Amino acid sequence: MNNKQKTINLKINGEFYEFEIGEKDWQIRPHHTLSHTLREVLNLTGTKISCDDGACGACTVIMDGKAVLSCLILTVECDGKEITTIEGLKDPKTGELDLLQKKFIEHNAFQCGFCTPGMIMSSKALLEKTQHPTEEEIKEALSGNFCRCISYYQVIKAVKAAAKERR
Amino acid sequence: MAEMFSYIGKPIPRKDSKDIVTGEIKYLDDLKFQNLLYGKVLRSPHAHAKIKKVNKEKALNLKGVKAILTWEDIPDFRGGTPRIVRVLDNKVRYVGDAVALVAATSSEIAEEALNLIEVEYEVLPAVFDIDSALKPGAPALYDEYPDNILPGGTIIYGPNCLKGVTRGDVEKGFREADVITEGTFGYENIPNALPPETVGAIALWEEPNKVTLWATTQAPYMDKVTLFHVFNRQLDIRSIGVHCGGSFGTKIMCWQVQSYAILLSMATKRPVKVVFTKEEHMANFTLRLSSRINAKVGMKKDGTLTAISGTWYVDTGYYSFTTQAQVAVGSGELMIMAQCPNWDLKNYVVVTNRNASGSTRGFGGQELKCSFIPLLCLAMEKAGLDPFEVLKKNFVKPQGGYYWRDGNWYNFRGIDFSKAMEEGAKRFGWKEKWKGWLNPTAVNGNKHRGIGVGVHGNADIGEDTAEAYVQLNYNKTATLFICAVEHGTGQKTNLAKMVAEVLKIHPDNIRLTPADTLVTPFEFGPVGSRGTYAIGSAAINAAEDARQKLLEFAAPKLGAKPEELDTKDGVIFVKNDPKKSISWRAIGNDRTILGFGRFEPDYTMCNCMMTFVEVEVDVETGKIDIIRIVNATDVGQVIDPLGLEGQLNACLGSAGIDSAIFEETVLDKRTGHILNANLIDYKWRTTAELPEIENVVLETPFPSHRFHAVGVGEIATSPGPSAILMAVSNAIGRWIYEYPITPDKILKALGKISSNKFDTHSNEAFKATGR
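Just so you know, the protein sequences line up as chains V and H, in that order. Numbered by my numbering, the letters in the first sequence go through residues 884 to 1050 in order. Numbered by my numbering, the letters in the second sequence go through residues 490 to 1260 in order.
Because the hints were derived from the structure by calculation, they are not lab data. The structure presented is a predicted model; accordingly, all values stated were derived computationally and were not measured. Warning: the hint list may mix true and false statements.
[As the list claims (entries may be wrong)] In silico BS3-like pairs for lysine-lysine, Cα to Cα no more than 25 Å straight-line: (1) H:K547 x H:K580; (2) V:K976 x H:K1172; (3) V:K1043 x H:K1112; (4) H:K515 x V:K985; (5) V:K949 x V:K1022; (6) H:K552 x H:K521; (7) H:K547 x V:K976; (8) V:K973 x H:K552; (9) V:K1012 x V:K1022; (10) H:K1172 x V:K985; (11) H:K936 x H:K1172; (12) V:K1022 x H:K521; (13) H:K580 x V:K1040; (14) H:K541 x V:K1043.
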């Protein structure tokens, strides 16, 4: 199908990757979503797929500083992008958790935990952009993240605590 | 005040917390297998049809397709209650019923193969609601039950399973009543608890009859039991629980997807994974029961109930797995909240040609109460009574009792919850805000505020058996062998805390086995609110047994009797002379000290949740905002304060309070198709609109286990929806009976828009009368 060999380059959690695009088993197919590539090719299964339809936020990752839905992005569109997933938050050398991760533990800001990686990535993108978010800004930033256990209240507390401690 | 504990009641981080926040925890779809095949289900486009012919040839020729199964390829394996539902049948009974199963080397190929299977149907007339299903001559879903009514009772609740409530003399009770109200009320919007993780299973078949199963489940041991019967008692199943991405009761109904994976693995001799898409999860997996009652209630002027009679109609969709169990539990729960000497409450479980309803948090009681409380409201209004006082008065007290699921009467030996209810009312400001029936609390232009209250209690806190082993290790640690899956409540950590408290070692030194039926003894699963008392008791008993054996082992070495010894931090010592001690190292690495614990069911106590709500209704647009929620409960002893807070905040989620305002599954009753089986069209609460929630938790010791605690998490969702109906009715000064109260219903009730004859939601069944 693809006569012209094509490759893309990505930086994911600080590592550089080069992928071939094509229809072979080992290649990234043009219709593969970023969430699929992260989970099935790179085994970064911390990024969750729930609706696979852009509605629930479970697959949220950070791309070039912005929270994006990895189920709505084709991997072939990511050439040259820098991506952080939930696995990329802790310190790669010391293993120390990101402040947000620590605060999520402290505030028990999860129940079943399935939405948690998406919640943390949305929160992380917010705190990168907004040093001192108001409660309304936190709620707005998380309003695309579906949680049926209603961990929302404890998540908001955790994000506030992280923002406060960073000051 | 509560006892002093080292770990119980302390906010210790969950054992799985680091793995959750780093994304390292593995849910079913995160597991990797060599040689894995992907299974997909071909589903019926018709609500009711016979399968005349299936042509698999084109699909089988697709490269990568390894097996295709239809009803003709498999034995007569059946599940359901009663066991009449074939895993694959020659008849389909709802839009989405399974027609064929495909296994292929990728999910894309399996999906493509579905499109190549040619099926010839003979379409049959269908029934989509209680009324049409019960009409004489209505098309029958099952030959065995031509009137579309399933028999009552479920085998697992025993031969006398509660099938309805008959007690005293209702005629006499109505004669004694000062007010009587009668009418038909329902909770028929079949909302979906909708955990974020979808539904699936991975099976690996081994000749001649062994299978290993990994599944999205909250009860792996019961899956083994259920599937044993489905596969005609010939299968040796090893069931392994995986960290569960939310269940809310629904995932105890996974036998179909599990059967698909097992059958495809049998056919291909390879591991097969079947994971439903979100659309399948929403259109082909557990919905709430659709509930409607036609009932009559008698009450004295002081709020004393004198008689309750009527019929409860439960629409279970195309089959039942747990519905009769939910009818039993729901009926008992109504008795708990409505103590009344005279009862005649019958019920019918009706099948219709839509996706199945079943086990969901609230388990029958939420559905029955959401239908019953509007009727009770009319009686309270007539008698001019404050609903808080009436609900408090009629909730079971220590001298009261109820029939429970096994058909037996139980004298209640729990605590009086009035104190918790009163504390909740005080924090909410109920007395100050209550302005009488159909009167708003406040009016500010178009914004009308109103308040409501609901209550729920469940005697499932001590239901079903549980077993556990505790092994003590010479490195001063202990291992808890228990078939428990973490599904969000933090239960596994709580069990470790209980064992730690008994053995006086830190919870970090307690490891839990995976939930693997090859390794652990029997455990029913964390259904209802049984985790704390029932499952907790098994872990506590196992720890106590292990401790006793440890002290017996150490006694001769310390020249003392076992009862003279204690152990703490991995050291055994003489209580009167602590210097005389030996370390757990004395156990040695060549010895096993193993304790066994079992819990026998105890239905003599229940939990309780009273929920107060304040809403604001915009009478111009019909939009409802929840302003404030206060939940009030008494749990005996808090085990995990932050986990408990989360469980109570959950009153909004999993088809709870919001099922009164916007959550519903929309069924097109002309075609049987579900119109909103996706997360955009199905409405759910977001962080953008969060009401204030306050949780009032009292700790009055229960006569349960040594920590005097009971569970409460399950019932958080249940009192809310009817409280919302009450609050909205009060806010706008008109009775609202129908869930969910979408803006059109408000505007219709206010006469601001006319009834729309094309509105599929409006149900003319709801009407009430009284004297």
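**OP:** Would you pick out the hints that fail for this structure and give their numbers low to high?
**Re:** 2, 3, 7, 8, 10, 12, 13, 14
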